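Enquirer: Same order as they appear, the protein sequences are chains G and L. Counting in numbering that gives the first Met the number 0, the first sequence runs from 0 upward without gaps. Counting in numbering that gives the first Met the number 0, the second sequence runs from 0 upward without gaps.
Worth double-checking, as some hints may not be accurate.
Straight-line Cα separation of at most 30 Å, DSSO-like style, residue types lysine-lysine; simulated pairs [unchecked claim]:
#1 L:K103 with G:K70
#2 L:K192 with L:K218
#3 G:K81 with G:K37
#4 L:K103 with L:K158
#5 L:K158 with G:K70
#6 L:K272 with L:K192
Hints listed in this document are in silico derivations from the structure and should not be mistaken for laboratory results. Please read these numbers as outputs of a predicted model, since none were measured by experiment.
What follows is the residue order along each chain.
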Amino acid sequence: MAHVQLTRHLFTFFPQLEGRAIEVEATTVAEVIAELEKLAPGIAFYLCDERGRLRMHVNVFVGEERVTDRKTLSDPVGPDAKVFVFQALSGG
Amino acid sequence: MGERILVGTRKGTFVIERGAAGAFSTRLAGHAGQGVNYVVRDPSSDTLWAALGHGHWGAKLSRSEDGGATWRDASQIRYPEDARYLAPPMPDESGDAPGGTTLKDATLLKLWVIAFGAPGEVHVGTIPGGLFSSRDGGESFELCRALWDHESRGGDVSKGAGDATTHWFGTPASEGEFAPGIHSIVVDPRDSKRILIAISTAGVLESTDGGASWRSRTKGMINDYLPDPTAEWGHDPHYVTICRGNADHVWQQNHAGVFYSDDGAATWRHVSKPDVGVKFGFPVAVDDVDGKTAWLVPGKADMQRTTIDGALFVARTSDGGQSWEQLRSGLPQTHAYDVVYRHALDNQGDCLAFGSTTGNLYVSVDRGDSWTCVESNLPPIYSVRFA
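Between the sequences and the hints, there should be enough to build the whole structure, so can you do that?
Expert: Structure follows, in structure tokens:
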């Protein structure tokens, strides 16, 4: 099971995810987001555009490594990996 | 007096209400901290709709069924997988399509305007230039293919650009890219199949069959930034609206001036009066009954985009733009640099309201003769609509 930690910004839109341990069966980042979508319908379109690409101002890390494939999200996710979803620091 | 004014700002949705005693009250009604490009009420359902621009999470539609007390995400607008368009190249792109353009996969960059037709019809204008329509009250939206594949844009380029060329340009309002945007959607109150839209930067188009076909409505419009000032395409209307009581009267604040039509946009007349400050600006409002009466909030030329000489005024005509009055009572006349965006002026009966990028909200209950500053510290205001 991958352990997912979300930026608290997302709890504004998906309060059902706040305060709970998010664990999903996934072997790639794409599968992580697909599982998140099952838990919180609509969240995938917050993280990715309609082409399935990570939005420009969203960062995903597997462990301490930022994912490299932002187009198809093929970066592997190990059995006990920690996956972090952050907003990029780009606001004002 | 309109009972409610909906205000979309860079940091949330606000509702301004006027009580029986005439006092205004303001409340933050939702989307705190979020960019709200447009907020409007569907008169047939009483639903409030908001077009959001999350800095990180993309453009989202939001709706409220309880007057703004609570909001929820609506069905979201997505460009279909095969939606592609010819775009001006970014600096790091090759521009390998004809005319130096780049064939791009469309993704939703911005939700810019929302309009309503017959009960259940919701139209949304977006960047990069797609019109999305719903016939089921907003439960689902469909890209208007006839407009998306319009010949002026190169036709259907979903399978490749070939030798197609586009006559549409872009707008800096495109959230980091340079793409065309639909900011004005006008549905004829007499016939919901007649729709006018305006695009920065392409022009004005009309459909008389509910969006199945479109033709340009730019005859009489001029520009001052293309080799041919009367070219059919490439115009930059900033906002187009109609007289709700007489929809043959159509007004347009354009980048290059003010235009008026009394034949349903078949032909336009240039009615700028630079000697009284009427030329550049973004919004225009038209009287509900008298199509010759309109209001503008002029700015100083496209190079500056501020008030003229630091003094804010509203311009009003009652003769179809032959003459203009400057209405200044109650508006700041020194060190005022308010810019009023295209959706931030509205009217209802004798009442008008407008908001500025410096967070000021002004209301008039006497057709613009005098103004009251209702709020002066709001976030930058994008949209003002009576509800």
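Enquirer: Give a verdict on every hint.
Expert: Results for each hint:
1. Distance restraint check for K103 (chain L) and K70 (chain G): the Cα-Cα separation of roughly 15 Å lies within the 30 Å cut-off, and the hinted pair is therefore satisfied.
2. Under the criterion of a C-alpha separation no larger than 30 Å, the hint pairing K192 (chain L) with K218 (chain L) is consistent with the structure, at around 22 Å.
3. Of the pairs offered as hints, the one joining K81 (chain G) and K37 (chain G) holds, with about 19 Å between alpha carbons and a cut-off of 30 Å not exceeded.
4. Between K103 (chain L) and K158 (chain L) the alpha-carbon distance is near 11 Å, which keeps this suggested pair within the 30 Å criterion.
5. Between K158 (chain L) and K70 (chain G) the alpha-carbon distance is near 20 Å, which keeps this suggested pair within the 30 Å criterion.
6. A hinted pair counts as satisfied when its Cα atoms are at most 30 Å apart, and K272 (chain L) with K192 (chain L) does not qualify at roughly 34 Å.
Hint 6 from the earlier list is the only one contradicted by this structure; the remaining hints agree with it.
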